[in-house]
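Each chain, letter by letter, is given below.
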Amino acid sequence: MPGMLRTYWVVLAVAVIVAVLPYLVPTTFYLRIAALVFIFSIAVLGLNLLMGFAGQVSLGHAGFFGIGAYAVAVGPAHFGVPSWLALLLGLILAGVIAYIIGRPILKLRGHYLAVATLGMGILIAMVFTNEARFTGGPDGMAVKRLVLFGWTARGSVAWYWISGVTLVLAVLLAVNLIDSPTGRALRAIHDSEVASRVLGVDVARYKLIAFVLSAVYAALAGAYLALFDALVTPATAGFLRSIEFVTMAVIGGLGSILGSIVGAALLTVLPQLLTVFHDYEHIALGFIMIVFMIFLRAGIVPSLAQLLRRTPQ
Amino acid sequence: MSVLSVENLGIDFGGVRAVDGVGFAVEAGEIFAIIGPNGAGKTTLFNLISGLYPPARGKVLLNGEDVTRLAPHLLAARGLSRTFQNLQIFFRMSAIENVMVGRHLRERRNVLAHLLRLPSVVAQNRDSRAKAKDLLNLVGLGAMAERPAGELPYGALKRLEIARALATEPTILLLDEPAAGCNAVETAEVDAVIQKIAAQGVTVVLVEHDMRLVMKISSRIHVLDQGRTLAEGTAAQIRANPAVIAAYLGAHAGAEAGDAGR
Chain F
1 MPGMLRTYWV VLAVAVIVAV LPYLVPTTFY LRIAALVFIF SIAVLGLNLL MGFAGQVSLG
61 HAGFFGIGAY AVAVGPAHFG VPSWLALLLG LILAGVIAYI IGRPILKLRG HYLAVATLGM
121 GILIAMVFTN EARFTGGPDG MAVKRLVLFG WTARGSVAWY WISGVTLVLA VLLAVNLIDS
181 PTGRALRAIH DSEVASRVLG VDVARYKLIA FVLSAVYAAL AGAYLALFDA LVTPATAGFL
241 RSIEFVTMAV IGGLGSILGS IVGAALLTVL PQLLTVFHDY EHIALGFIMI VFMIFLRAGI
301 VPSLAQLLRR TPQ
Chain R
1 MSVLSVENLG IDFGGVRAVD GVGFAVEAGE IFAIIGPNGA GKTTLFNLIS GLYPPARGKV
61 LLNGEDVTRL APHLLAARGL SRTFQNLQIF FRMSAIENVM VGRHLRERRN VLAHLLRLPS
121 VVAQNRDSRA KAKDLLNLVG LGAMAERPAG ELPYGALKRL EIARALATEP TILLLDEPAA
181 GCNAVETAEV DAVIQKIAAQ GVTVVLVEHD MRLVMKISSR IHVLDQGRTL AEGTAAQIRA
241 NPAVIAAYLG AHAGAEAGDA GR
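As they're listed, the protein sequences go chains F and R. Each residue of the first sequence is one higher than the one before, starting from 1 at the first, in the working numbering. Each residue of the second sequence is one higher than the one before, starting from 1 at the first, in the working numbering.
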């Protein structure tokens, strides 16, 4: 069915990459990098639903990432909750907090929304730093390994598969959503709020839906990273992490699902490659990002897709 | 009972009475035109009726229900939709998806079902797409259904907005200058579309500067000048009204005579 393929090719492509990559890399070190890429991709994918599709910015999504991470750290350590349940509770908590915060701040637009979400992220990170009794304060805390049916998830290979399969599912849900009444409402709001409203779209409700969904995606990614690293620190939820997510979404391509993954991959892999530049690593990274934004200004994936369409076959 | 009735409606912008004491009643099946010089308050009046601005004074009744200050999406749910003078197209979506957004109120809105794409969602997508295709055919854009809306010519976008508003299955449709910027051929198409809509039983309220179109299709005409009602009546009554000729039609009558002389 060509119609099905046109909708689901991204899911298929990601599934193939996840399935084949372990056979192409020489050592498990690369699987560790890949697992990190998949984990960040999940967060960026969620953020892209909010920014790329609904057109609402957030500079505070590391806060939700942190909520997921600290849920799997604090839950088992202080309350004896099994890790899998702590993860679920973390997702719910992130969703509820996003719902409560989102209602008032999503009334703001543009720069004002950016600053409000920035404040939100900083506030959440501050809680992790200050509630040292539970979180270990600035030093962070160790995270117990995830145990599922007697099997302990540890190491790069295990987390490669867990995060890879989850990413495929996250992509599947996102693709489903985008081509649904909810997805159309989100994309409509991005282009014209007034037109959306007079067509019956409850704009406030759909912005909130996108915000909550993206928060849950971020929390899931945060929980995975904490379980994978077996460690969590307030930097997990820090301001720089929020900026990193936004940068990944923008550089990969706002409104592009594949772009979320490409953006996450680029900003995860590049710093590893650029270590050859030693002291100039960050300069090189910054320079590459500027060049990408100048020449592929719609983001890597949408810009390349546009170029391919223009090129005569 | 009138489909839409407006009573003593008013709003001020920085001390200027943009709309002041305007009242009229539109009956089912009418094509009701609102005309007047630029700045007379026509679009502001539409924004008040469709809930985009909260009125400072007066009331809006929809099928007898007081809907003053109701949010636009709630008005849409009660059967009122509109188009925009300055286009409000979803440029990043295809033409048919633009119209499918108009199906929003008729679709089941369960986010969880959408995420999981339950079979009901697939069926509903198919149904919305089919209905949107019918509407695109109605306005003569069937061949452009899958094109990105951003690539369509201006005249087509005007009709796309009409199809999109119709997708909500309104009982009353507000059209804000549907023929503005259209050439003679496109205006004729807009004319035909409006008549088709009215024939389907949708009440039409129209803001338009093309006097030939207005005089031809309107059952009644309401004339605004500087935010206030100047006159109301049939095309013949309005054409003969000295106040209307002085404030507005005079210039147009001259322009039309000029056209005829060429």
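Hints are computed from structural coordinates only; laboratory data are not their basis. There's no promise every hint is true.
Take a look, some chain R residues computed to stay more than 12 Å from chain F by CB distance [claimed, not checked]:
1) Val16
2) Pro37
3) Phe46
4) Glu107
5) Ala145
6) Asn183
7) Ala236
8) Ala243
One-sided and incomplete, this derived list gives chain R residues near chain F with beta-carbon spacing under 10 Å [as the list claims (entries may be wrong)]:
9) Leu75
10) Ile89
11) Met93
12) Met100
13) Val101
14) His104
15) Leu105
16) Asn110
17) Val111
18) Leu116
19) Pro119
20) Met211
21) Arg212
Partial selection, computed: residues in chain R whose CB lies under 7 Å from chain F [unchecked claim]:
22) Ser50
23) Pro72
24) Arg82
25) Phe90
26) Arg92
27) Ser94
28) His114
29) Leu115
30) Val121
All C-beta atoms in this analysis are idealised placements derived from N, C-alpha and C, irrespective of residue type, glycine included.
Quick rundown of the hints versus the structure:
1. With a closest Cβ-Cβ approach of about 22 Å to chain F, R:Val16 is found to remain outside the 12 Å limit, as its non-interface label requires.
2. For R:Pro37, the shortest C-beta to C-beta distance to chain F comes to about 24 Å, beyond the 12 Å cut-off, and the non-interface label holds.
3. A Cβ of chain F approaches the Cβ of R:Phe46 within 12 Å, the least distance being about 10 Å, so the stated non-interface status is violated.
4. Distance check for R:Glu107 against chain F: the nearest CB is about 4 Å away, which does not clear 12 Å, and the non-interface claim fails.
5. The Cβ of R:Ala145 lies farther than 12 Å from every Cβ of chain F, with a closest approach of about 14 Å, so its non-interface assignment holds.
6. R:Asn183, annotated as away from the interface, keeps every beta carbon of chain F farther than 12 Å; the closest lies near 24 Å.
7. The Cβ of R:Ala236 sits about 33 Å from the closest Cβ of chain F, beyond the 12 Å cut-off, so the non-interface label holds.
8. Non-interface call for R:Ala243 relative to chain F: holds, since the shortest CB-CB distance, roughly 33 Å, exceeds 12 Å.
9. Look at R:Leu75: its Cβ gets to within about 8 Å of chain F, closer than 10 Å, so that hint holds up.
10. A distance limit of 10 Å between C-beta atoms decides the matter here; for R:Ile89 the minimum to chain F is near 7 Å, and the interface restraint holds.
11. The closest approach between the C-beta of R:Met93 and any C-beta of chain F is roughly 6 Å, which is under the 10 Å cut-off, so the hint is satisfied.
12. Contact between R:Met100 and chain F, as hinted, is supported at the beta carbon level, the nearest pair being about 6 Å apart and thus within 10 Å.
13. Against a cut-off of 10 Å between C-beta atoms, the interface hint on R:Val101 holds, since the closest Cβ of chain F lies about 5 Å away.
14. Given hint, R:His104 at the interface with chain F, holds; its Cβ is 5 Å from that chain's nearest Cβ, closer than 10 Å.
15. Here the hint on R:Leu105 is kept, as its CB sits about 4 Å from the closest CB of chain F, short of 10 Å.
16. Taking 10 Å as the C-beta contact cut-off toward chain F, the hint placing R:Asn110 at the interface holds, the least distance being around 9 Å.
17. Here the hint on R:Val111 is kept, as its CB sits about 5 Å from the closest CB of chain F, short of 10 Å.
18. With 10 Å as the threshold, the beta carbon of R:Leu116 comes within range of chain F, its nearest partner Cβ sitting at about 7 Å, so the hint holds.
19. A least Cβ separation of about 12 Å between R:Pro119 and chain F goes past the 10 Å threshold, and the interface hint is therefore violated.
20. Proximity of R:Met211 to chain F is violated relative to the hint, the smallest CB-CB distance being about 27 Å (cut-off 10 Å).
21. Because the beta carbon of R:Arg212 sits about 28 Å from the nearest beta carbon in chain F, more than 10 Å, this interface hint is broken.
22. Taking 7 Å as the C-beta contact cut-off toward chain F, the hint placing R:Ser50 at the interface holds, the least distance being around 6 Å.
23. Evaluation of the R:Pro72 hint against chain F yields a held restraint, the C-beta minimum of about 4 Å falling below 7 Å.
24. Interface hint at R:Arg82: satisfied, since its Cβ lies 5 Å from the closest Cβ of chain F, which is below the 7 Å cut-off.
25. Proximity of R:Phe90 to chain F holds as hinted, the smallest CB-CB distance being about 4 Å (cut-off 7 Å).
26. For the restraint placing R:Arg92 at the interface with chain F, the shortest Cβ-Cβ distance is roughly 6 Å, inside the 7 Å limit, so the hint holds.
27. Interface restraint check for R:Ser94: the shortest CB-CB distance to chain F comes to about 11 Å, outside 7 Å, so the restraint is violated.
28. Annotation: interface hint on R:His114 holds; nearest CB of chain F at approximately 4 Å, less than 7 Å.
29. Given hint, R:Leu115 at the interface with chain F, holds; its Cβ is 5 Å from that chain's nearest Cβ, closer than 7 Å.
30. Interface restraint check for R:Val121: the shortest CB-CB distance to chain F comes to about 6 Å, inside 7 Å, so the restraint holds.
Comparing the model with each numbered hint stated earlier shows that hints 3, 4, 19, 20, 21 and 27 do not hold.
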